[in-house]
Structure formats: structure tokens, C-alpha cells
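Asks: Here is what each chain is made of, one letter per residue.
Number of protein chains: 2
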Amino acid sequence: MPAPIEFYFDFSSPYGYLASEKIEALAARHGREVSWHPVLLGVVFKQTGAMPLLQVPLKGEYSRRDMHRSARFHGVDRFRVPTKFPIPSQAAARVVLWSAQRDPALAARVVHALYRAYFVDDQDISSPEVAVAVAASCGLDAAEVRAAIEDPSIKEALKRANEQAIAKGVFGSPYIIIDGEPFWGLDRLDQVDRWMATGGW
Amino acid sequence: MPAPIEFYFDFSSPYGYLASEKIEALAARHGREVSWHPVLLGVVFKQTGAMPLLQVPLKGEYSRRDMHRSARFHGVDRFRVPTKFPIPSQAAARVVLWSAQRDPALAARVVHALYRAYFVDDQDISSPEVAVAVAASCGLDAAEVRAAIEDPSIKEALKRANEQAIAKGVFGSPYIIIDGEPFWGLDRLDQVDRWMATGGW
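Chains as they are written, first to last, in this note's numbering: chain D, 22 to 222; chain S, 22 to 222.
Since the hints were derived computationally from the structure, they do not count as laboratory data.
A few of these clues could be false.
No distinction is drawn between identical chains; accordingly, a pair holds when it is met within one copy or between any pair of copies.
As the list claims (entries may be wrong) - When the alpha-carbon atoms are kept at most 25 Å apart in a straight line, the in silico SDA-like pairs for lysine to any residue are as follows: (1) K176 / D162; (2) K105 / G81; (3) K189 / D211; (4) K67 / D124; (5) K180 / G81; (6) K189 / Y83; (7) K43 / H133; (8) K67 / D211; (9) K180 / L47; (10) K180 / E202; (11) K180 / A154; (12) K189 / F94; (13) K67 / Q185.
The whole structure should be built from the sequences, with the hints applied where relevant.
Replies: Here it is, written out as C-alpha cells:
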């Protein structure tokens, strides 16, 4: 079986959410699995000088329109820009890293549950309490998740994950790596598809 | 006949060049023509705080790779990143505005000739002499083109064109407007296609 697709994302990223709804079916069509890599774009943006998308003059207004149009274009029916946006996503990212240490399949379910809580149900997943409740809805033990969010080893794991992502060139969300080839953005899913089918061009 | 597609671009924009090679056939499939709008992204970037793409840490390296990959993906076989890149594109933009005042069809030919001179033949079209020679190859009178580049009314027309573009929300290249709906980037051509087919979704 070929290597999994590496899927880097920030829980505060709308295009990351939209791509998260598409990537597993896309990967499966080519016999691939997805490895989920939550990162903190705030850390990455210090490298690139980028600012939160909706705060950029002109581009911000366009992007708000484009997000909704792109959601419909890609057939993701359920999407809204949350009331609190963007958010710091440490708590959610740590929950995923901790889940992944226990069970990668469970971590994938937690990713979807957290993303949908934020971009569908408008829950503020930057709140540890909310993140814990969402994880508990996936069958995790609430007290264990609560402890994991404050666990120094999990905090350290997220720092390392960010550093490793930057070392691989990740500068945005979603950022997908297939056998070393990088693809940035929801709008590269067509190239991601062809790359898996052909091995490159 | 429906209204033309508005195609905003900077002559220094690789993705603008790639889209310029695709947009007319795409428009024609839906019974549309293309109106060409050269703008200066340097002016626009003062609004958005953006910097030249290849100078952005991480994103710059990715983009260089992505440009070549996207060129091949879209079937644009002839493309290189020019030796001198990016460039100020005033001279080329003024030649197009002046041509368009005389003959829109001629202006379209001049757009393609200038873009290909830069991104295929590695000619420095920021040089008025080079821009004049390219225009002359399209059948324009070299002395008239040379005068047009320094003509105060053409300089003023380009300033107005930039202001009008910013007023319409243009912040990047290519930027395509169809019946008021804006699409930014080569990677929105799939949405552009469907939008013309369906009138929106």
C-alpha cells in the first residue's frame, strides 16, 4: 500500500475544513490513507509575515465570498464562518495529537468532530471545555482529554509538530504532501487527484 | 451576446500569464469575449500589504515549484520564470491601453505577444524599447508606440485603470469578473467555467 497522504491544517482555517471533508474519499480512490497533522498557523505566519485572511484589505472581503462559493462548488453543504473567527487552536490541536497517540482512526474522527463543531455548529473550540465535550462525543474520556490539553508532553508534541511542519515547508492550510510533493490549498485537490493517479507530470 | 469576461492582470504575474493562455477558449465555449485590463500590482499591494510572491519565506519556494507544475497541469507547455523577475510593468500596460483605444482585437494580440515575450522568451518587457519591439511585431507603428508610452494621457489612463480595479476589489492577478462575480487566481478557472455554464450556484 502506498504511503498515506500527509494533511496539514489549522482548526481555524475554513479552507482546511472544506478540504478535510473531501480528502479521505479522494485518497481512498487511489488506495491511500490520510495522516492528520494539526498545526498552528499563527506560529507559521511569523515566518511568512502573513496576517489572518479576513483582515487583509480587499482580499478579506473576497475570501469571505469565495469560502461560501467554494464550499458549494465542492459539495460541502454545511459551512458557516463562525461567530468567533479566527481562533487560537491549541486546545483542539492537542486533543488530536493526544488521540493519535492512542488510535489514528480515532484521531481522524476527532478531527472531523472538532472541525464540524466549529464550522457547522459555531461552537468555540478554542475553549478547552468545548474541545473536551466534542472529544467526549467521539467516545473519549472527558477527564483524560481535559488533562491531556494541559499535559506538558502534549504541549511539547505540538511545538515539535509545528517545527517539523515548517521544516517541511508548510506555510498555509490545508497543505498536503504526497510522496514528498507539496500542494497548498483546497484549490489544489484537482492536482492532488491527478498526482496520485499518475505519480507526477 | 452576454457581457465580456473582465480579465485583470499584471504583466509581471506568472499565474496571470498562464490564465491568459486559457481564458479566451474558456470564454468562447460559453459565447463570451474577454476584455483585457492590465493593472499594476505594486499599487494594489500597497492596499493589501502583500509582497512579491517569490520573496515570501516558505511560500516563495513553494510557488516557484507550483508555477511550473501548474503550467504543465493546465497544458501551457511554454513557460519559464524570467531572469529578471518581478519587473515594473508600466510600459507594457500602457502599450496595451493605447492599443485598446485603437482596436480591442489588436490589444488582445499585444497582450499575448508581451506576455509570451516575457514568460517564454525571457525578454525584459519592463524596457520601453523591448515593449515597443514586441508591439511592432504585432503590426503597430514603433514610433507611435514609443510616444504612447510617454504620453501623459496614457499614463493617466493607467492610473485610472488601477483605481477602478481597486474600486472593484481587484487585489491579485489574474482576477476575473463575470457579470459582477469575482474570481481570483488561475485555480479558479474551474469555477469560472461552471459559473458561465450555470449562472451561479
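Asks: Against the earlier hints, flag every one the structure doesn't satisfy and list their numbers going up.
Replies: Result: hints 4, 8, 9 break, sorted rising.
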